[in-house]
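> These are the residues of each chain, in order.
2 protein chains.
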Amino acid sequence: MSQAKKASAGTPKWVYSFGAGASEGSAAMKDLLGGKGANLAEMANLDLPVPPGFTITTDVCAAYYKNSGGLPDELRPQVDAALQVVGEATDREFGNPEKPLLVSVRSGARASMPGMMDTVLNLGLNDETVEAVARQSGDKRFAYDSYRRFIQMYSDVVLGVGHHLFEDILENYRNLNGYSLDTDLSAGDWLEIIDAYKSCVEEELGEPFPQDIHAQLWGAIAAVFGSWETARAKTYRRLHAIPDDWGTAVSIQAMVFGNMGDTSATGVAFTRNPSTGAKELYGEFLLNAQGEDVVAGIRTPQSLTEAARLEAGDDKPSLEAVMPEVFAELSEVYDKLEARYHDMQDVEFTVEEGKLWMLQTRSGKRTVNAALKIAVDMVGEGVISKEEAVERIDPNQLDTLLHPTLDPQAERTIVAVGLPASPGAAVGEIVFNPDEAEKLVAQGKSVILVRIETSPEDIHGMHAAAGILTTRGGMTSHAAVVARGMGRPCVSGAGTVHIDYDAQIMSSGGETLKKGDVITVDGTTGQVLKGEVAMVQPELTGDFATLMGWADKLRRMKVRANADTPRDAAQAREFGAEGIGLCRTEHMFFDHERILAVREMILAESEEGRRAALDKILPMQRDDFAELFEIMGALPVTIRLLDPPLHEFLPQHDEEIAQVAQALGTSAGKLKYRVGELKEFNPMLGHRGCRLAITYPEITEMQARAIFEAAADVGARAGKPVAVEVMIPLIASREEFEFLKTRIVAVADAVQEEKAARLTYQIGTMIELPRACLRAHEIAREAEFFSFGTNDLTQTAYGLSRDDSASFLGAYTARGIFEVDPFVSIDRLGVGELMEIGVRRGRETRPDIKLGICGEHAGDPGSIDFCEQVGLDYVSCSPFRLPVARLAAAQAVLRRKQAKS
Amino acid sequence: MSQAKKASAGTPKWVYSFGAGASEGSAAMKDLLGGKGANLAEMANLDLPVPPGFTITTDVCAAYYKNSGGLPDELRPQVDAALQVVGEATDREFGNPEKPLLVSVRSGARASMPGMMDTVLNLGLNDETVEAVARQSGDKRFAYDSYRRFIQMYSDVVLGVGHHLFEDILENYRNLNGYSLDTDLSAGDWLEIIDAYKSCVEEELGEPFPQDIHAQLWGAIAAVFGSWETARAKTYRRLHAIPDDWGTAVSIQAMVFGNMGDTSATGVAFTRNPSTGAKELYGEFLLNAQGEDVVAGIRTPQSLTEAARLEAGDDKPSLEAVMPEVFAELSEVYDKLEARYHDMQDVEFTVEEGKLWMLQTRSGKRTVNAALKIAVDMVGEGVISKEEAVERIDPNQLDTLLHPTLDPQAERTIVAVGLPASPGAAVGEIVFNPDEAEKLVAQGKSVILVRIETSPEDIHGMHAAAGILTTRGGMTSHAAVVARGMGRPCVSGAGTVHIDYDAQIMSSGGETLKKGDVITVDGTTGQVLKGEVAMVQPELTGDFATLMGWADKLRRMKVRANADTPRDAAQAREFGAEGIGLCRTEHMFFDHERILAVREMILAESEEGRRAALDKILPMQRDDFAELFEIMGALPVTIRLLDPPLHEFLPQHDEEIAQVAQALGTSAGKLKYRVGELKEFNPMLGHRGCRLAITYPEITEMQARAIFEAAADVGARAGKPVAVEVMIPLIASREEFEFLKTRIVAVADAVQEEKAARLTYQIGTMIELPRACLRAHEIAREAEFFSFGTNDLTQTAYGLSRDDSASFLGAYTARGIFEVDPFVSIDRLGVGELMEIGVRRGRETRPDIKLGICGEHAGDPGSIDFCEQVGLDYVSCSPFRLPVARLAAAQAVLRRKQAKS
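Just so you know, the protein sequences line up as chains A and B, in that order.
Take 1 as the starting number for the first sequence in the working numbering and just add one per residue.
Take 1 as the starting number for the second sequence in the working numbering and just add one per residue.
Keep in mind the hints are simulated off the structure, nothing from the lab.
Hints are not guaranteed to be accurate.
The list treats identical chains as one, so a pair stands whether inside a single copy or across any two.
[What the hints assert, rightly or not] Within a straight-line C-alpha distance of at most 27 Å, the following computed DSS-like cross-link-like pairs (lysine-lysine) qualify:
1) Lys445 x Lys515
2) Lys672 x Lys439
3) Lys900 x Lys741
4) Lys670 x Lys66
5) Lys900 x Lys140
6) Lys553 x Lys672
7) Lys616 x Lys755
8) Lys741 x Lys66
9) Lys13 x Lys670
10) Lys672 x Lys445
11) Lys900 x Lys66
12) Lys741 x Lys234
13) Lys670 x Lys515
14) Lys897 x Lys553
15) Lys850 x Lys616
16) Lys679 x Lys439
17) Lys198 x Lys514
18) Lys13 x Lys755
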């Protein structure tokens, strides 16, 4: 091994062989060989049938970019030597006019980036070697078909000649000759196509298609390294948080052919069902085809098992029926792979003239339901531990699970039925273009992206869309795989749907829908429905509950919900909330019945006027709180005092101003003047939060009274005290806090005396300003808890308005200035340091201070991990993010444990 | 001394005697005895004629407030004992019906707060003792006059019966009897007035005026302590940064009478001229009057010296002429006091039947010119050191000196002439009410406060006003003293002016002016002028230059100016700028001739369109910079790249939009849409600063090119390189800085090659966001200098918009939450800590990084002191604040030195 590691003294080892006898790599070497290369080596180590090949390491990718696109000189002899070995193992030789070796050239990064980077197949073909292939295989048609595929793929990937040019040539040829399928073309037809393709390349580039197979090889290697930096690859990395400096490896492997007639086939398969998680052979294959044909979704593939075929009602035979020996061997391969990897595998295989070859294995993408079932099952099978099971689930994926599905009772107008490619249901406007999808979503619309098929160029639109519908492709088509990964509902291969991109319409079964029409897609059943169909809330049981139970036992932090209404609170308890961490009272002020009193309060010209209006609001607020306290029982409820600037409650348009003026018995002019007077240049930094309370303490006193009266009443009825936490927003200094705390305590004292009750309460604050973090030791002298308001803290630390940042955040991410939007995941270096300062100083003066976070970061796994790191006591997020938070909090504990060990 | 410190074991010493033999206090005991008490003791120690008395310490004030207004029991015996001593020294006794002792009860805090707190004179008078006074003095009229004064003053100060009630009674009486002056009233008349006064008190309070002189005394003591917390005292403390917990002492002293006929007098005097600083006896006196009469400005007083009388053209005799022996004695007292205090003294004296008594001495308030002359003269006289001279000048006062005076060539329409009470000139709208003055100024207006006379209740209005005009009172009247202290131009005692508060008009010499009319007051000549009169810039020479020279030698930090225009730059050099620390380029964009091109650039829909418009702006920007570079020579010039959001440059109103649309050849609708599109919710946190540059790097490239081309051209012409510093605003991360630095360096390289020039430049950044402070070590890897932008840093650290804070900052200061407005003086605890972090981390990675501050704090002495403390290299302020900054920077060095020693 130590010898293999170095090709010769002083020269790094750039190339690792596999498959021809012992492999030089293993599954553990993903960083160096990429996922694909490492797993090919591992499969060879497991004695699985892997076509021999070798992997050029990710170090070469780094060197390539450091060299501005040049490959190191030492690489060539290593590649030549490795090619020699492959040739010997296959009894062929690269470029040999009699027994030519053909190879595939594929990318493979540390993390799977399906379809994001380039691949070239059938490399080694030229006008001379193609004849040898024809002679050897005895199948001219196969040889010419392979050659024309190679010309098209190589020209597209390496030479930059658009694939549509070749598709047009083929389409024309078919039409001229009255062929409807590619299989109608004879060897002679393909020869003509090959000539036309070569002419096309020469016309486009001014030079002929390269016949030198070594030039082909090095062109392909460079193209694969180059594809690491394409826009779509960068986007994918950004979405999946894959560092730019990882780079890709390149695996070069002897070709095997699934398109050598009906004893050949190619397929994609999973060791378990990636939709349901069931432990069954699952997958698809195509007879007489190359791998690309399955993934591209050009032909609809056949089932692997008889059971699956019957369930799908498919009339084409299963692999189990057509090639029973191959099927049996594949089953064994599955078992070996799961035993080795302890996880569900996604494999690619090819059958060449009855012989099975394994081309790839990787951890398979799966729906969240499948992920849960597989994790729980594998614990049951004794394959993984509970901790591993908890680590296996991507918390963000749980979100999908919690979203509503279609109401089974609702009426449905079915427009079409396709494959249930990614579960869940979504409603939105039809849009045919991914750019437009992104634009409409930015405008706040919900859209369904409708495409004939999708390609990696479309992922930004798929990410933006609520759901995806394609008319071609199977369960493992690009659309299906990507949608499942993203948690987007998807129906694929809905063949009855006809799409006219130019006219921006889709039609199916006599129904024509145009862009902007609303449809519903049900990725669980494959149905496409007209209009908006009613949804039901998901029920969470079984594997979900089991796994959450394990997570709950592992996590240290409590989880609470941000809940303003009884409905939110009930939902929160259902999803496992251990309290309310943020009840925003402003929503209560907007209620239709009370907004008039609120406006009266704002427009009052004296404290007496304000108090009169507040007296009207008091009983309503008290009822709000009483309801929440009843639902939450003895769990803590954090109520934030009024936060937004008062002008947010006032009418803005002339008509509305006139109405309100009449209702309030004032003049429209006077009201308009007051509205204008309250306008602010920078409301985010204006007269809001505790500043409102300090200028108008009577508002705080009313809210405190409503809170404490409700707490006393509910506590008395329930016979146990309500755990109420009064939270003051936007504190920057101890003096502000002290001023308000005194008043709130006075109200509590008064209510306790009036009601002869004993209240259990704490008074604390949001920490959402940089100054509050710095002065935390002073504020903590008075405050009994801190809740980090990281939305505002991010806005102030960066001087960045979330509402206004859309106009330039695009440029920031495109230029690599933001790795991740700081409003999505906590900026650990800046905002995070402020939090750390706040935590440390807060505990300095009050060691037992309760520390939490509320706001959107509290539902983001990366941010939750940071909260665990700095030692917060709880996170509080929206009810639907609670399971995400519970799981992420458990994973954060496991990560700390691993970091320590 | 150690025995005197304690009255008896376990009881603190609350009372310190003076004047009757040895004093228990001294000038060093200001903290305990207040300024007045300590100086009375000191004068007694110097054997000056001080009426005997004693001082109740500031500790009692603290106890009084801790006790919620109760005085400690141990105090009474100590006061009684001290009173006994005073009685013995004066051969009188408190309350004795034959030889009654009368006392004054005065406040006196550590720092002088002239007129802010209460005083009671003639205490000890009642129906019985007044007769003894009449008998002893042989002057019934004097006795009854003193008694009625006492009733009025005591009722007002202690009992809360408004003084206007008494004034009305007196006014009525005079009218009924046809008297025009108080001196027309006989002893019998005063007796009737006394009865009427006593009835008035009984009517108002339901109980008679207190005849018990001990009750009187304790009431007065409590009232003086209570006056520490009046609104006006609090306001004064806030304006002068005097801590609330210092408290006041109370001095009780045997009365001497300046109103015992024409051999008696009372006066206020300065050991040097407080207007010019000339070493001459200066002051005013009134024959047959009590001290209050001088200060209140009711009668216009006479000069002390013949020289001053002649200069004023006054026909009333001087003290020098009337009482030569007293005058001679006073001159000696002056010399003793200056020899003791090493500073110009402000003294109060009374002559009782030919005998001089000193009632007070303190460091005298003076104009800035006087302050400079006195400081420089005293260095010349060998009395103080240069360091002490530098410490003596209040930097804020210099501001006055730098402001324009009336252009001697300008036409003047003189409305009236009064006393030149406080130098400088001011223009503004007439306003008669101090509240209204404050309100109008808050709205951005400039006002002249016009009053018959001013009182301590008016100081908020005086502070707000640009200038002050009174129709009564002398050079030492309340208005004059306060205006000089504040640096407000003031004309006092303009007797020809008649004010009608009800009608809101003033008339003089047939001219009637109403509220809102514009006038100019010239506090240097005493003239009141109609309309706005042209001003000229001050010339700074002589003492100013001398003192600034000393300061410049002492200070460590450089001073630079914020200058956007050649005019600013020239002004800045004149005021001693050592460079430009902030040249804001946005002002250049607003220029009438180029705003159209700017708007074209903003509205362009492509980079090409923007570049075309930028090409038009480039030569203009280049000229801007070239002019600045020429003026500044080899001094560094920091140019900040475009900072404000683009929408600030666009037209806002329909009419203007239509005009601009026509000029740009676009439709008003389209333009309006774009204007709307660019609007931001929180522009302060929006698409501005480096964010503009990152989205539109072509703007930065144009600006960089204009800067470097100008630098190359000017450098070539001058034969020495221009020291240019390119400053990137609003940086939050190293990545932003790096992205832009790369582009700026590329432009510099290109210009150097094109012009075959060698540029000397640095690229640095504003540090104005909390995150930038935290990431300073990273940013400093790339940035060669930091300039702290503390305006924005304060806004973001506090989450507080300066523009919007007016609506609640009032409540904040009123409630003691802000000690000082953080936009006026750096909030050391929050913003200051961020700066410290930025400084420390910046130097970690780049030890020689240049550190400065630009923005308004850089002209605030308190903030400059902080900048010295954290070790900045320079401060950059507005040109007119430069001398302030130079002096404050020197003082900061001295303060550090003292703190160390």
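> Now tell me if each hint is right for this structure.
These are the hints, each one checked on the structure:
no.: 1; hint: Lys445 x Lys515; in the structure: within (13 Å within a copy, 58 Å between copies)
no.: 2; hint: Lys672 x Lys439; in the structure: between (35 Å within a copy, 22 Å between copies)
no.: 3; hint: Lys900 x Lys741; in the structure: neither (41 Å within a copy, 40 Å between copies)
no.: 4; hint: Lys670 x Lys66; in the structure: neither (68 Å within a copy, 47 Å between copies)
no.: 5; hint: Lys900 x Lys140; in the structure: neither (62 Å within a copy, 97 Å between copies)
no.: 6; hint: Lys553 x Lys672; in the structure: neither (57 Å within a copy, 59 Å between copies)
no.: 7; hint: Lys616 x Lys755; in the structure: within (20 Å within a copy, 76 Å between copies)
no.: 8; hint: Lys741 x Lys66; in the structure: between (60 Å within a copy, 21 Å between copies)
no.: 9; hint: Lys13 x Lys670; in the structure: neither (81 Å within a copy, 62 Å between copies)
no.: 10; hint: Lys672 x Lys445; in the structure: between (32 Å within a copy, 24 Å between copies)
no.: 11; hint: Lys900 x Lys66; in the structure: neither (35 Å within a copy, 54 Å between copies)
no.: 12; hint: Lys741 x Lys234; in the structure: between (51 Å within a copy, 24 Å between copies)
no.: 13; hint: Lys670 x Lys515; in the structure: between (46 Å within a copy, 26 Å between copies)
no.: 14; hint: Lys897 x Lys553; in the structure: within (15 Å within a copy, 61 Å between copies)
no.: 15; hint: Lys850 x Lys616; in the structure: neither (34 Å within a copy, 60 Å between copies)
no.: 16; hint: Lys679 x Lys439; in the structure: between (30 Å within a copy, 19 Å between copies)
no.: 17; hint: Lys198 x Lys514; in the structure: neither (40 Å within a copy, 96 Å between copies)
no.: 18; hint: Lys13 x Lys755; in the structure: neither (81 Å within a copy, 49 Å between copies)
Going down the numbered hints, you'll see the structure goes against 3, 4, 5, 6, 9, 11, 15, 17, 18, while the others check out.
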